[in-house]
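*Asks:* Taking the hints into account, I'd like the entire structure generated from these sequences.
2 protein chains.
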Amino acid sequence: MRIARAINNLIEGFERLPGVGPKSAARLTYYLLHVPQVELDKFADAVRNLKLNTKECNICHNISESDPCDICSDSGRDRGIICVVEQPLDVLAFERGGRYKGVYHVLHGIIDPLHNIGPDEIKIQELLKRDASEIILALNSNMEGESTCMYLSRKLKIVNCKLKITRLAHGLPTGADVQYADETTLTHALNNRREF
Amino acid sequence: MRIARAINNLIEGFERLPGVGPKSAARLTYYLLHVPQVELDKFADAVRNLKLNTKECNICHNISESDPCDICSDSGRDRGIICVVEQPLDVLAFERGGRYKGVYHVLHGIIDPLHNIGPDEIKIQELLKRDASEIILALNSNMEGESTCMYLSRKLKIVNCKLKITRLAHGLPTGADVQYADETTLTHALNNRREF
Numbered sequence: 277m278r279i280a281r282a283i284n285n286l287i288e289g290f291e292r293l294p295g296v297g298p299k300s301a302a303r304l305t306y307y308l309l310h311v312p313q314v315e316l317d318k319f320a321d322a323v324r325n326l327k328l329n330t331k332e333c334n335i336c337h338n339i340s341e342s343d344p345c346d347i348c349s350d351s352g353r354d355r356g357i358i359c360v361v362e363q364p365l366d367v368l369a370f371e372r373g374g375r376y377k378g379v380y381h382v383l384h385g386i387i388d389p390l391h392n393i394g395p396d397e398i399k400i401q402e403l404l405k406r407d408a409s410e411i412i413l414a415l416n417s418n419m420e421g422e423s424t425c426m427y428l429s430r431k432l433k434i435v436n437c438k439l440k441i442t443r444l445a446h447g448l449p450t451g452a453d454v455q456y457a458d459e460t461t462l463t464h465a466l467n468n469r470r471e472f
Numbered sequence: 277m278r279i280a281r282a283i284n285n286l287i288e289g290f291e292r293l294p295g296v297g298p299k300s301a302a303r304l305t306y307y308l309l310h311v312p313q314v315e316l317d318k319f320a321d322a323v324r325n326l327k328l329n330t331k332e333c334n335i336c337h338n339i340s341e342s343d344p345c346d347i348c349s350d351s352g353r354d355r356g357i358i359c360v361v362e363q364p365l366d367v368l369a370f371e372r373g374g375r376y377k378g379v380y381h382v383l384h385g386i387i388d389p390l391h392n393i394g395p396d397e398i399k400i401q402e403l404l405k406r407d408a409s410e411i412i413l414a415l416n417s418n419m420e421g422e423s424t425c426m427y428l429s430r431k432l433k434i435v436n437c438k439l440k441i442t443r444l445a446h447g448l449p450t451g452a453d454v455q456y457a458d459e460t461t462l463t464h465a466l467n468n469r470r471e472f
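Chains as they are written, first to last, in my numbering: chain A, 277 to 472; chain B, 277 to 472.
There may be inaccurate statements among the hints.
For chains that are exact copies, the list does not tell them apart, and a pair is met inside one copy or across any two.
Said to hold, decoys possible - In silico DSBU-like cross-links for lysine-lysine, where the CA-CA straight-line distance does not exceed 30 Å: (1) Lys327 <-> Lys433; (2) Lys299 <-> Lys327; (3) Lys440 <-> Lys399; (4) Lys299 <-> Lys399; (5) Lys331 <-> Lys431; (6) Lys377 <-> Lys299; (7) Lys299 <-> Lys433; (8) Lys299 <-> Lys318; (9) Lys431 <-> Lys318; (10) Lys331 <-> Lys318; (11) Lys399 <-> Lys431; (12) Lys431 <-> Lys299.
Note that these hints are calculated values from the structure, not bench results.
*Replies:* Right under this line is the structure:
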């Protein structure tokens with residue numbers, strides 16, 4: 277196929293992104309042909325500087341501008357409560373709400389023996405070294421998430437048997453219809469029902 | 277929300293692309309945090325050089341590396357047959373098949389009075405100046421496409437009344453089930469039926 281190298285390079289670049297197929301990649305590339313060069317330069321700089329201008333926080337291992345990160349160095353946050361998440365994107369989800377006033381710990385993965393990810397591949401040792409009065413396990417509720425939660429709570433109890441370990445509530449999401457809820461969600465919602 | 281500026285810049289960059297919402301933009305950005313810097317630099321260069329290393333062909337107005345483009349300067353192609361398309365991406369679709377041996381003319385748009393796009397906003401004058409024995413109108417079959425086709429064929433006939441003007445066939449696409457075909461497609465397929 278006769279296609280300019282510059283166009284092909286960018287199509288290939290987009291194709292490497294998750295969830296972008298060959299047709300979307302071509303569509304995005306041809307869209308950018310109509311965008312002013314200033315905008316293209318800005319986008320290119322943003323790509324190039326993404327990792328150059330970010331650091332991993334030494335305390336919570338979130339990706340941030342400074343080390344320690346804004347959240348860990350904020351004296352207004354309760355450092356006694358640590359919310360354990362899988363990925364930096366999960367921190368973003370909590371911060372979007374803006375109601376959580378504790379700090380975080382990003383594991384950068386989850387224990388997944390089928391993909392050769394053991395406890396040493398993720399930031400578990402770093403979590404065990406941290407001081408806290410409560411640990412909130414906010415991992416995704418799939419099989420790997422559940423077993424990582426079990427592993428973590430056992431290890432955390434060994435280090436500090438008085439530590440309060442909690443999990444996120446499971447139940448109906450906001451706006452959900454009861455008739456469309458799956459069995460497991462409804463069972464959770466029933467078991468964890470609260471007085472009105 | 278506390279989020280590193282470098283991350284925010286890239287999320288905003290992705291959000292400007294068509295079909296990429298805030299959540300996909302964040303997902304793509306956080307994915308790129310795990311990609312080696314060499315790859316990021318390559319992607320950034322591809323974005324920056326997209327327009328710097330491409331030209332618009334003076335004959336067919338396709339986006340290409342050289343002017344005239346590879347296709348227009350290829351002596352193996354029949355310059356008497358011009359396939360008129362809306363966008364450079366349409367040329368790509370034809371070239372993917374590799375069976376078309378004529379040349380192209382990219383209009384860079386379509387007559388669309390509702391969006392203030394008249395005949396002078398797209399490359400119609402440039403088409404009328406070209407020499408050809410056959411013009412294939414390969415515009416999309418929506419209302420704007422149909423009316424642009426009608427406008428073009430009238431104008432082309434004024435310039436050269438012996439010019440052969442054709443349109444792409446309409447009918448069932450390859451692999452389509454008759455039971456799921458819409459009425460218009462089936463009517464086209466019936467009207468244009470061919471002897472077996």
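*Asks:* Indicate, hint by hint, whether the structure satisfies it.
*Replies:* Results of checking the hints against the structure:
no. : hint              : in the structure
1   : Lys327 <-> Lys433 : neither (36 Å within a copy, 58 Å between copies)
2   : Lys299 <-> Lys327 : both (28 Å within a copy, 20 Å between copies)
3   : Lys440 <-> Lys399 : within (20 Å within a copy, 70 Å between copies)
4   : Lys299 <-> Lys399 : between (38 Å within a copy, 25 Å between copies)
5   : Lys331 <-> Lys431 : within (28 Å within a copy, 62 Å between copies)
6   : Lys377 <-> Lys299 : between (43 Å within a copy, 23 Å between copies)
7   : Lys299 <-> Lys433 : neither (51 Å within a copy, 36 Å between copies)
8   : Lys299 <-> Lys318 : both (24 Å within a copy, 21 Å between copies)
9   : Lys431 <-> Lys318 : neither (46 Å within a copy, 42 Å between copies)
10  : Lys331 <-> Lys318 : both (21 Å within a copy, 21 Å between copies)
11  : Lys399 <-> Lys431 : within (13 Å within a copy, 69 Å between copies)
12  : Lys431 <-> Lys299 : neither (47 Å within a copy, 34 Å between copies)
In this structure, the earlier hints numbered 1, 7, 9, 12 are contradicted, and the remaining ones agree with it.
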